[in-house]
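The hints should help you fit chain B onto chain A, whose structure is shown.
Residue numbers (my numbering), protein chains in the order written: chain A, 1 to 384; chain B, 1 to 450.
Don't take each hint at face value.
Footprint (simulated), chain A over chain B, 3 or more residues, beta carbon under 8 angstroms [said to hold, decoys possible]:
1. 64-71
2. 178-188
3. 196-204
4. 220-230
5. 360-369
6. 432-443
With a cut-off of at most 25 angstroms between alpha-carbon atoms, the simulated DSS-like pairs for lysine-lysine come out as follows [as the list claims (entries may be wrong)]:
7. B:398 - A:370
8. B:346 - A:370
9. B:407 - A:373
10. A:370 - A:319
11. A:43 - A:99
12. B:24 - A:373
13. A:43 - B:87
14. B:16 - A:373
15. A:11 - B:431
16. A:373 - B:398
17. A:16 - B:431
18. A:373 - B:148
19. A:43 - B:398
20. A:319 - B:188
21. B:398 - A:319
22. B:188 - A:43
23. B:24 - B:100
24. B:277 - A:370
25. B:407 - A:370
26. B:24 - A:374
27. B:102 - A:43
28. A:374 - B:407
29. B:398 - A:374
30. B:447 - A:43
31. A:374 - B:188
32. B:148 - A:319
Keep in mind that the hints were calculated from the coordinates and are not lab data.
This one's a predicted model, so the numbers in the text were calculated from it and none came from an experiment.
Using N, Cα and C, we set each Cβ at its ideal position, and we do this for glycine too.
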Amino acid sequence: MKLRERIDAIKKPFGKGQKFERFAPAVNAFDTFLFVPNHTTHKGAHIRDGVDLKRTMVTVIVALLPAFIYGVYNTGYQYFIQSGIAFTFWDALLHGALKIMPMVAVSYGVGLAIEFAFAVYRGHEVNEGYLVTGLLIPMIMPVDIPLWMVGLSVAFAVLIAKEAFGGTGMNILNPALTARAFAFFAYPTYMSGNKVWVSEASNVDGISGETVLGSLAAGNDVSYSMFDMFMGAIPGSIAETSTLWVLVGAAILILTGVGSWRIMVGGVLGAAATAFLFNLWGANALMSFDWMNHLIVGGFAFGIVFMATDPVSAAQTTKGKWIYGILVGLFCMLIRVFNPAYPEGVMLAILLMNVFAPTIDHYVVEGNIKRRKKRLNVTLTPAS
Amino acid sequence: MSADISLRKGLSIPLKGEATKDLKTSKTSDNFTLYPDDFHGVVPKMHVKEGEKVSLGQPVFFSKANPEMQFVSPVSGTLSKIVRGAKRRILEIQLKSDGKDKAVKHKIPALDKLSDVDVKSHLLASGCWPFIKQRPYDVIANPDSTPKGVFISGFNSAPLAADVAFLLEQQQEDFQNGINVLATLAPKVHLSISADDTSFLSGVSGVEIHRVKGIHPAGNVGVQVHHIDPINAGETAWVVNPEDVASIGRLFTTGVFDPQRTLAVAGPVVTKPSYYKTRIGAAIAPLLDDAGVSASGQVRIINGDALSGATTHADGSVGFYNNTLTVLAEGNHFRMFGWLPFAGSKIFSMSRTSLSWLLPKRKYALDTNMNGEERALVVTGEMEQVLPMDIFPMQLLKECMAQNIEKMEGLGIYEVAPEDFALVDYASTSKIEAQAIIRDALDLMIKEVG
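Just chain A, same shape as in the assembly (with noise of 0.2 angstroms):
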C-alpha cells in the first residue's frame, strides 16, 4: 500500500506531540476522505455499522445532484429561449456550468475555510455537514447574483447561523437557507423581481423572466402549463424549478433512510391542505391558484425535500416530525397568499419552524416524562 504509506509520512510531523499537532483536524480530513481510518472499537459494541457521517453526507449529494444537474441544464435553456438562439443540449449544459460552476466554488471555498479554520481552533475533526450546505447555496440562489455576494452568504451562515451556535449539530437555523435569508434581506434587487432568474438578465435589456409565483404576486397571469411547472421548464432560483427531479432526490433520500420521510409527507399533507382551503376562500390571485399547482411551483418542493429535513435544525423526535412537517407546509402557502411581498414562503417558513422546533420536540419530551410519572404515582397509591 504505497499511497498510504506516503500518507503517513506526511502525516507524521502532524502527530501527537509533533510541531504541527494543531493543524491535524486539517489534514485528517484530506486523509479520512482517502481512507476510511483504521481505528478499532475500545469500548461499547465490537462492531459498528458501515455507516458514517461522510457516507450520510455524500448520499445526499447524491440525491442533490439530479435537481443539480437538471438546474444547470435549465439555466441555459432559460437564457437560450429568451434571446432566441438556436442551441442544443450541450450548449444548454455548458452555459449553465460556467455560470455555476464558480458559484460551487467560491461556495465550498469560502465555507470549507471556515469550517477548516474552526476545526483546528477547536480541536476536533472537520465534521462533513458542509459538503452538503456547499452545495445548496448556490442550488437556491438566483443565477444572476454577484460572485461575491455568494461568498459574503456563505461566510455569514457559516460564522452566524452555525459556528457561533457551537458548530456542526448545534444550530438552530438550516444553515444555507440562512445564507439565503441574508442574500434576500441584504440585496433584496438581486434576489427578487424579474430580471434575476433568467441567465444574463441583469445585463441584456431583451431577456427578463418573472417565477411564476412573483407574477402571481404582482396580478399577471401564469403563462407556464402544469407539465412545464412540474418538469422545471420555468425561471426560479437554480435547482428548486424541478419538482421531478427533486422527487428522484426525496426517493433516494428516503430509500436510503437517510432524509426523514414522516417531515416530507407532513409537509406536503399541510401544504395542499392548507393551499386546498384557500381554494375554496379564493379571494387573491395566490389564493385561487389550483393548490396541486401550489405543490410543484416555486422552492417548496426543494426546501421541503432537502432543507427541511436537515436533521439538525429540525424537530428530532418522531412525533415532532410530522409537526414540524405540517407546519412547515402551512406556514409556507400563509406567507405565500398573504404576504405578496414575499412571494416565495418556503424559505421562511422553514426558518420559522427551525426556530420552533427545539420547542415542538420540549413538548413530545415532556409528554415521555409525565407518562412515567403518572405511572410512578399509579403505583403509590393503588386503588382500594
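Positioned in the frame of chain A, the structure of chain B alone reads:
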C-alpha cells in the same frame, strides 16, 4: 403462536459463524481466573492469600460494601496469583486446579420450610448470590431490597448469542428447581420466551410466561421488563440468566456451588463454531484450540456477544456471566474511499447506503473497524429505530452527558442497562459510545440516589 409482546424496532445483525448445536467437552487446562471486573461496582476484599489452598465453592473474596456477599472458587487447588493494577486494584485472581474438585458441601435445606431470609443467606454464603442482578443500575442485586419480580429472559437475540433452550436441554429439572427457589424471593417470577418457542420452556411451572416477538434487543431482559412491568423510581426488579437459574437449582439439590457453564464459541473467524461444556473461570485457550481460529491477522476475543461483551485475550478465561465467546477479526486496516455510498454490497449497514440490503439472507464477517470517526450528533431517528422502549434515547443520552439527574429520572434511566443501548453504539452514524455513557450515568445515579 400468539405473542403477548410484539416489538417491531431493533436490528438483527447477520454475523457469520453461528455455533452449531453440538455440545462438546474440550480438554481443560488447570488454570482458572476470576475477574472482579465482571461484578460491576464490587470492591473485592480477599479471604485467601496467594499460595493458599482453596476448595471448590470456598469463598475467595467478598464485597467490601456488603461483607455477606461471597465470591467463591470454581475449582479446588491453590490461589496462584493476584494480579493488581493501578492503585492496587485487583484485576485477576488466578487459581491452579488440582483436578480433584474437592467441594464445600452445604446443608441441603427443604425449600418449603425456608423463609426468604433463609434463602437469601444461603445464596449469599454459597456464592450463588452474584447470579442475581438488579434493575435499575445493572449491578448485583442488593439483598436488602425487595424486588417487584424476578425476570428471566428465555431467549437470546444478540448476534451469535447462545441458544437458551439448547443450553438448558440437559438441565431442565435444575432450571425448574431454580425457579422454585427464586419464587420464594419475589411476589412473581416472569419468564419471557420467544414467540415461536416450542421447547420445554413453555411448560415451566411457577412462572408467568410472556411470549415476545421481535428481533434484537427483544431478548434483552431489560427490554422485556419495560414491557411487562416497567420499573418506577424506587422499585427494583431482579434478573437472572437462564443457566444461572439452573445453577441455583443445583445448589438446593446437591448442596454444592456448581460453576458449570455451557458456552457457545462463535464468530466469523472461528473454524468450527460450536457449544462447549466448561466452567466459570476456565482458560479459553483450549476451547479456541479445539474450535479453531482461522484469521491470519489479529483477532478480538470477546467474553460475551459482539455488541456488549468484554474484550479478553487468548490467555483469558470464561467470564462469570457468559454463555457466549465471540471471536472477530481486528479491523485495523484502511479502506480506500470506503465511505462511497452504493459502491458495494460487502458493507453491512442498516441504512440503505450500501447495497447489502438487496441481499437479506447474506451473512457478514464483520470486524472491529469503527467504519468512520466520531462526529457531532447530526442524524436523528436511528437510535429510536433500534430501541424498542418508550424512551427517547438521544434525549436521555444528552441528559446523561449533562449529568442532569432529574431529567435522567424523567426520561427513564432506571429502566435501562448498558446492553440495551448496545445497538445504539452500533447504529450511530456519529459513532457515539452510548453504552459507556449509560454506564457512567448509572454509576452517577448509584452515587447520588443510591
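25 angstroms limit on alpha-carbon distance, applied to hinted pair residue 102 of chain B and residue 43 of chain A:
Outside the cut-off at roughly 39 angstroms; violated.
Decide if the proposed pair is consistent with the structure: residue 447 of chain B and residue 43 of chain A, CA atoms, cutoff 25 angstroms inclusive.
holds (23 angstroms)
Going straight from one Cα to the other, do residue 188 of chain B and residue 43 of chain A come out at no more than 25 angstroms?
Violated, because 36 angstroms separates the two Cα atoms, which is more than 25 angstroms.
Can the restraint linking residue 398 of chain B and residue 319 of chain A be considered satisfied, given a maximum Cα separation of 25 angstroms?
Holds - the C-alpha atoms of residue 319 of chain A and residue 398 of chain B are around 19 angstroms apart, at most 25 angstroms.
Do the alpha carbons of residue 24 of chain B and residue 374 of chain A lie within 25 angstroms of each other, as the hint requires?
violated (51 angstroms)
Could you grab the alpha-carbon distance between residue 319 of chain A and residue 188 of chain B and see if it respects the 25 angstroms cut-off?
violated (36 angstroms)
Holds or violated: residue 374 of chain A to residue 188 of chain B, with C-alpha atoms at most 25 angstroms apart:
Answer holds: residue 374 of chain A to residue 188 of chain B is near 23 angstroms, not above 25 angstroms.
Coverage claim, chain A over the region 196-204 of chain B, checked by counting residues with Cβ within 8 angstroms (three needed)
Result for this restraint: violated, n = 0.
Straight-line Cα separation of residue 16 of chain A and residue 431 of chain B no greater than 25 angstroms?
With Cα atoms ~22 angstroms apart, residue 16 of chain A and residue 431 of chain B stay inside 25 angstroms; holds.
Next pair to validate is residue 43 of chain A with residue 398 of chain B; report whether the Cα-Cα distance is within 25 angstroms.
holds (19 angstroms)
In terms of beta carbon proximity below 8 angstroms, does the region 220-230 of chain B have 3 or more residues touching chain A?
violated (count 1)
When you check the alpha-carbon spacing of residue 373 of chain A and residue 398 of chain B, does it fall within 25 angstroms?
holds (20 angstroms)
The structure shown violates the earlier hints numbered 1, 2, 3, 4, 8, 11, 12, 14, 20, 22, 24, 26, 27 and 32.
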